[in-house]
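Following the hints, put chain B in place on chain A, whose structure we already have.
Each chain is listed here by its residues.
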Amino acid sequence: MLSPYCDSPANSLVCKEWVIKMNEILNINGISKKYGDLVVLDNLSLKVKSGEVVVIVGPSGCGKSTLLRCINALEIIDDGEVALDGKAINPHDKNLSKVREKIGMVFQSYELFPHKTILQNLVLAPVRVKKMNRKEAEKEALHLLERVGLLSKKDNYPRQLSGGQKQRVAIVRALMMNPEILLMDEITAALDPEMVREVLEVVLDLAKEGRTMIIVTHELQFAKAAADRMVFIDGGRIIEEGEPKEFFENPKTERLKKFLHSFTYE
Amino acid sequence: MNENVIAMLISGIGETLYMTLGSVIIGYIIGLPLGILLYVSGKNGLRPCMPLYRALDFICNIIRSIPFLILLILLIPFTRLLVGQSYGSTATIVPLVVCAAPYIARVVEASLTDVDAGVIEAAKAMGASNMQIICKVLLVEAKTSLITGFTITTGLLLGYSAMSGTVGGGGLGDIAVRYGYYRWQTDIMVITVILLIIIFQIIQTAGMKISKKLDHRKR
Chain A
1 MLSPYCDSPA NSLVCKEWVI KMNEILNING ISKKYGDLVV LDNLSLKVKS
51 GEVVVIVGPS GCGKSTLLRC INALEIIDDG EVALDGKAIN PHDKNLSKVR
101 EKIGMVFQSY ELFPHKTILQ NLVLAPVRVK KMNRKEAEKE ALHLLERVGL
151 LSKKDNYPRQ LSGGQKQRVA IVRALMMNPE ILLMDEITAA LDPEMVREVL
201 EVVLDLAKEG RTMIIVTHEL QFAKAAADRM VFIDGGRIIE EGEPKEFFEN
251 PKTERLKKFL HSFTYE
Chain B
1001 MNENVIAMLI SGIGETLYMT LGSVIIGYII GLPLGILLYV SGKNGLRPCM
1051 PLYRALDFIC NIIRSIPFLI LLILLIPFTR LLVGQSYGST ATIVPLVVCA
1101 APYIARVVEA SLTDVDAGVI EAAKAMGASN MQIICKVLLV EAKTSLITGF
1151 TITTGLLLGY SAMSGTVGGG GLGDIAVRYG YYRWQTDIMV ITVILLIIIF
1201 QIIQTAGMKI SKKLDHRKR
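Protein chains in written order, with our numbering: chain A, 1 to 266; chain B, 1001 to 1219.
Treat the hints as calculated values from the structure; they're not laboratory data. Ideal Cβ positions, reconstructed from N, Cα and C, are used throughout, including at glycine. Mixed in with the good hints there might be a few duds.
[Unchecked claim] Among the chain B residues that face chain A by a calculated CB cut under 10 angstroms, a handful are:
#1 1122
#2 1123
#3 1125
#4 1137
#5 1142
#6 1215
So that you can see chain A by itself, here it is in the shape it has in the complex:
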């Protein structure tokens, strides 16, 4: 989005800031989350721009998944603020579901509706929540299914699909709402190695297409390929963030060095 005054050179600096500011889809500002005495997120801030793919890595239990769940208020934050398009997300607001429509989420264990066919899984939310015409929703669903190579499975039930296929369906289901931002919570963690690839290729495709995404993953090779920005979280804080190349080849903090090292075998 460009400011109408951008062509004036005198304004160029202001303009640049304005453009960046406008492009910011998600602004996580100093959020904290505690479970009893356990601090899961500690005054964490993160900004995500439109079209940006942010990949979050970190040891188990560092708060990555909680961070994602706090964004769409599946977990209620104790402190700080999450804002989408400049508007704070209030978990107690009646409009929370309207905000959630704009935030797609894909889960580690797929969470497809077991008693609905693949097609029914896909059109449920667009038809019921977004009040989209059923015919149109079905057309869109078939189109997206074809894109992920699962058109032939449209009338099957989730149990008849492999893990990788289920996860691709789950991604399509999130896309059906045409969200402004997609949250992916360790989507390959429950998959066999061969299936990881088929899922990640879909995600890479979305990244190239310019989808805004926050991806939590343990697949570092994939992270390298997909990320515009890497974030390393430990103990509920961002320890280091940066461009993927710099992040992987030249980590600045000892903690990240140690973490990256734990993935290599000599």
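Just chain B, lined up with the frame of chain A:
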């Protein structure tokens, strides 16, 4: 066996089915929303509200802790007020419903609690309202378990409807009590028991078959 006895048994079957189905249907009209409310207001529900939950929980427990035979007698004034008389199969439906509704509420609550929390979360994340989650996700995903619960409840009410025979409730139980117990006609007693077993089997088998057929989770 003379024709009168056969005619009596046939009308007994009719009355028994009338009481059982009548009470199960009215019981569900009251118990299903109650069960949903219990689930929704519970600690891990869609909209936890502990005072409401505790109140409903308390009422359900109180009614369920009264033995049915006592409830049957205890409710006679209420039944008379509602139906105009305290005996006969229509009157029996009243205590049956009072007994069944909290039971059904519990069964429904248990079925809904069994629905995978992750699936509900997925629906929430898609922006579904609580009402949409209840109607389009919870009830759909819990349907096999709900049907199993329905079958068990119907079987239970069939037994209870027979119990109402002790206070002149009509149906096969009534016949068993009047002829088998008071008049020592063991043959009629045995026949009513066999008929009750057959009806129970039919309900149970049909319910489980339907439940299994609708289950898409496993092969």
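Each hint, compared with the structure:
1. The restraint placing residue 1122 of chain B at the interface with chain A holds, with a minimum CB-CB distance near 4 angstroms, inside the 10 angstroms limit.
2. Of the supplied interface hints, the one on residue 1123 of chain B holds, with its beta-carbon coming within about 8 angstroms of a beta-carbon of chain A, less than 10 angstroms.
3. Against a cut-off of 10 angstroms between C-beta atoms, the interface hint on residue 1125 of chain B holds, since the closest Cβ of chain A lies about 4 angstroms away.
4. Hint status for residue 1137 of chain B: holds, given a least beta-carbon distance of 7 angstroms to chain A, under 10 angstroms.
5. Among the interface hints, the one on residue 1142 of chain B holds; its C-beta lies about 9 angstroms from the nearest C-beta in chain A, closer than the 10 angstroms criterion.
6. Look at residue 1215 of chain B: its Cβ gets to within about 8 angstroms of chain A, closer than 10 angstroms, so that hint holds up.
Hint violations for this structure: none, all hints satisfied.
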